[in-house]
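**Student:** Using my numbering, the letters of the sequence shown correspond one by one to residues 2 to 201.
Hints were generated in silico from the structure; no laboratory data involved.
Hints may be right or wrong, so weigh each one.
[What the hints assert, rightly or not] No farther apart than 20 Å at their CA atoms in a straight line, the calculated lysine to aspartate or glutamate pairs in the DMTMM-like style are these:
#, residue 1, residue 2
1, 61, 152
2, 61, 169
3, 61, 191
4, 61, 162
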Amino acid sequence: MPGTPPRAYAQPLTSALPEHPYPRAPARKRPTQPRTISYMTTDLAESDITLLREAIAVSKNAVAAGNHPFGAVLTDPSGAIVLSAENTVNTANDCTGHAETNLVRLAWREIGPERLGDYSLYTSCEPCAMCCGAIYWSGINRVVFAMSEAELNSLTGDNPENPTMSLDSRVVLNGGQRAITVLGPAISAEAIAAHAGFWG
């Protein structure tokens with residue numbers, strides 16, 4: 002109504018704040034020794050290569066569905082594929098619909114955080130910073146990728162659909178409070194083949 006003063010949706014803080022009803026958790030000490038980050042690809046077994054090929058196959062399915070050529074699979078401690086996810090950026094009209102992030106969302110619902118530490122994520126391309134964040138928060142402790150982010154950048158260039166970031170996934174994934182094994186690149190030529198003609 003005319004003349005009605007605007008409603009206050011936030012009040013300024015005062016110096017006389019009530020004490021918090023719950024005790025604060027003690028501050029955790031950060032580790033003084035640097036963590037060891039795995040940059041090796043020689044640790045890959047033949048089964049790892051087979052699983053990377055499965056992720057690449059999922060990336061081809063993404064293209065067939067009208068999306069970007071990225072795919073990922075999740076394996077249980079025995080090495081069996083339990084979940085897979087492809088990029089859905091276009092069909093879901095969602096810029097966060099990357100294969101790894103989609104897989105983490107699904108794994109969180111279907112498997113739960115208590116068990117994901119023993120699972121491995123295989124992806125057709127090195128995870129971007131966003132996907133690394135999702136993987137980190139999920140509790141997954143092992144990531145294996147085929148094509149590197151640098152190789153992807155050489156394919157996409159300045160394509161506005163994929164403004165590739167120059168961030169090493171090992172650094173992002175190991176920037177928190179727990180160590181994550183990251184292996185790759187491996188069989189990148191096979192992953193690159195799925196991008197043939199896609200980025201123009």
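**Student:** Each of the hints needs a verdict: does it hold here or not?
**Tutor:** Right, here's what the structure says about each hint:
{"no.": "1", "hint": "61 <-> 152", "result": "18 Å, holds"}
{"no.": "2", "hint": "61 <-> 169", "result": "24 Å, violated"}
{"no.": "3", "hint": "61 <-> 191", "result": "11 Å, holds"}
{"no.": "4", "hint": "61 <-> 162", "result": "17 Å, holds"}
The structure does not agree with numbered hint 2 stated previously, though it agrees with all others.
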